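Participant: For the record, the sequence lines run as chains U and F. Position 112, counted from 1, in the first sequence is what the numbering used here calls 112; the numbers after and before it change by one each time, with no gaps. Position 65, counted from 1, in the second sequence is what the numbering used here calls 65; the numbers after and before it change by one each time, with no gaps.
Hints listed in this document are in silico derivations from the structure and should not be mistaken for laboratory results. Remember, predicted model here, so these are calculated numbers, not experimental data.
Label-pair restraints from in silico Cβ distances:
| # | chain 1 | residue 1 | chain 2 | residue 2 | range |
| --- | --- | --- | --- | --- | --- |
| 1 | F | Thr-13 | U | Leu-16 | 49 to 55 Å |
| 2 | F | Arg-191 | U | Leu-170 | 38 to 44 Å |
| 3 | U | Ser-171 | F | Leu-165 | 29 to 35 Å |
| 4 | F | Ala-106 | U | Glu-50 | 27 to 33 Å |
From the structure, some residues in chain F lie toward chain U, with a derived Cβ separation under 8 Å:
| # | residue |
| --- | --- |
| 5 | Val-37 |
| 6 | Pro-100 |
| 7 | Ala-111 |
| 8 | Val-130 |
| 9 | Pro-173 |
Glycine included, every Cβ here is placed at the ideal spot set by N, Cα and C.
Given next are the chains, with one letter for each unit.
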Amino acid sequence: MMGWSAIVWGPLGIGLSEWTQLFLHFTTLSLLAVGGAIATVPDMQRFVVEDKGWLSDAQFSNCIALGQAAPGPNVLFVAVIGFSVGGLAGVVATLSGTLLPSTTLALAASRWGNRNQLSRGLRAFTSGLAPLTIGLLLATGWILLQPVGWHWQPALLVAGTLLLMMRTRLSPLWAIAAGALAGAMGWV
Amino acid sequence: MPDFAAPSAHASTARPARVADLFWAFNRLALQGFGGVLPVAQRELVERLHWLTREQFLELLSLSQVLPGPNIINLGLILGDRFLGWRGGVAAVAGLMLAPTALVLALAVAATRFSGVPQVSGALRGMGIVAAGLILSTALKLAPGLQHNIVGRPAAAALVALTVLAIGGLRWPLAAVVLGLGAVAVAWAWRRSAT
Chain U
1 MMGWSAIVWG PLGIGLSEWT QLFLHFTTLS LLAVGGAIAT VPDMQRFVVE
51 DKGWLSDAQF SNCIALGQAA PGPNVLFVAV IGFSVGGLAG VVATLSGTLL
101 PSTTLALAAS RWGNRNQLSR GLRAFTSGLA PLTIGLLLAT GWILLQPVGW
151 HWQPALLVAG TLLLMMRTRL SPLWAIAAGA LAGAMGWV
Chain F
1 MPDFAAPSAH ASTARPARVA DLFWAFNRLA LQGFGGVLPV AQRELVERLH
51 WLTREQFLEL LSLSQVLPGP NIINLGLILG DRFLGWRGGV AAVAGLMLAP
101 TALVLALAVA ATRFSGVPQV SGALRGMGIV AAGLILSTAL KLAPGLQHNI
151 VGRPAAAALV ALTVLAIGGL RWPLAAVVLG LGAVAVAWAW RRSAT
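Next up, chain F with everything else stripped away, as it sits in the complex (with noise of 0.2 Å):
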């Protein structure tokens, strides 16, 4: 764990002083992040602001990726809580929560204002299938990873599509496959890790 109170070879050259500038950094990065905002989140905390060197962003991201829950919510919670302890985490979250929040509410109200227009509801209709298109393409772009997973290439293609076959075909339960075909794939992953 970093820790980045202490000085060292790599260390970064900046820290927030307030909880007000965590908030406002948070804020100012979820606003331009469109589709996705742990790019910008690089380019913001180390390149800019430099919070953080490269090698702790990267430390911090695959901590956050562990966890459950959205990575970026994660890694602006740890972020801040290590900076200036629970009050910057809260103002990192509400950082990246608060405004966009507001933002998408107020389309969502618009859209079902004007859903009786035709072109409304086709253009929500055509965005819909783009967010289905994004939501593979993370998929197939994370695919590659599996090649050098520690459960072996038959393992994992096998847990792909059991995994596609239970929740999109047969509709069972996340709760079910996660705790039941996860349990399976983290214990075979844990034996194999052994060797």
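Just chain U, same shape as in the assembly (with noise of 0.2 Å):
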């Protein structure tokens, strides 16, 4: 059972010290976040599994996993860890971390940014930071699949999910849904 302070501060009962590093740490992300925040993940494994223990390598992924099967914008992973970590308190340092030098910069570019004078450097900004975006969005797959190890059961739900998106139209609720019963089942 989680009592209420779990929820307001966390099962870890994170003092200020802690969250003020939550919050500065997806603070750096922010601007970092080219291609979404989902490109952040391995740096945010990195910070909270690696370098200060909060969470195991399963509760981590669980959090990727729970931001996945909800509906909304999927940075919502971002308050799980934040949640997973902190309580609602960690909720309010990642996110407002992760959003808010983001945010601001975002209106400060569309109020004052200029499309012609801008062009030639925004097409360069964009298109070499393209192939950096694929490559995180790679090794963030890599690292969330480590923990499982290389098995052949969740290597064939990893393919299945990939040819149920390359190829058909279907919501990927459907997989997600796939992953949940083959887990439940106890098959991966």
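Each of the two chains sits in its own frame; use the hints to bring them together as a complex.
Facilitator: Below is the structure:
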């Protein structure tokens, strides 16, 4: 059972110093999130799991899975990481850290940006960073699969997911549901 | 930058009257978006509400993609701001985030409470594997776009490989990779775009 204190401050009972570290780390990642927040997952994992030991590999993967299973923007997984580390206070730290810098920049760029003046720079910026975005997504998939280990059942599930997404127009929700079923039955 | 106030040949036909309209519109589209809200956003904002033409939506989307941060959040913020000022932007982002965050946290509480049940931990494990597959599939879907990248195909492939190695293999910090490798890549693209 989770008590109220665990809901507000998290199961670890983080203090102000940990809260500040969490907030600041997610703040620094905000403007590096080229290609969306999911590209910063490797660095979040490094900080939360490997450096701080706040979550285990499996708990971290659960956060990503829950974020993908719920409706809404993909960035929701950030709220789940915050909640798992520091309860509702952690949610405030990770969500505001992730969103405040990037939204401030977006607002400023939208209001003062001049498309014609910036076009060559913008094109160089997007073109240059596109390969990095793809590399970051591949690395994210790799890191999330590492604790699973190389067995044929998870490999089959990954291959099935890729096939569904690349070859059909079905909602990703079906893949998530299939994964939940396969896991609950103990197949993977 | 499209000026939504000025009428033009491609002017959209409607606009939100109040800040609350923005909140409810984005709340509605967020709750329909499983595994990504952008396709739903296009359908709702362009086809149902007629707040944007398809061209305006595409322009707004590419601007949101260039900027760091979640694309759909940037899009909602900029659209709300252009229609009704910063309050409109905040309302759109709140609409996108509030209900889905409450839902996902309720899911997280339930998952923690029942994590001792082997079926629940198994289901989470299976969902985690699929989540990794979904992220990989996004990368594979985007990869063909690199063929026409101004950095050129060999350089693009090398940049992908180096990023995977540095982040996935060597576990270097993201800041070092984006600011180091990213700066080299952008400078290279800038040079090549001149010719």
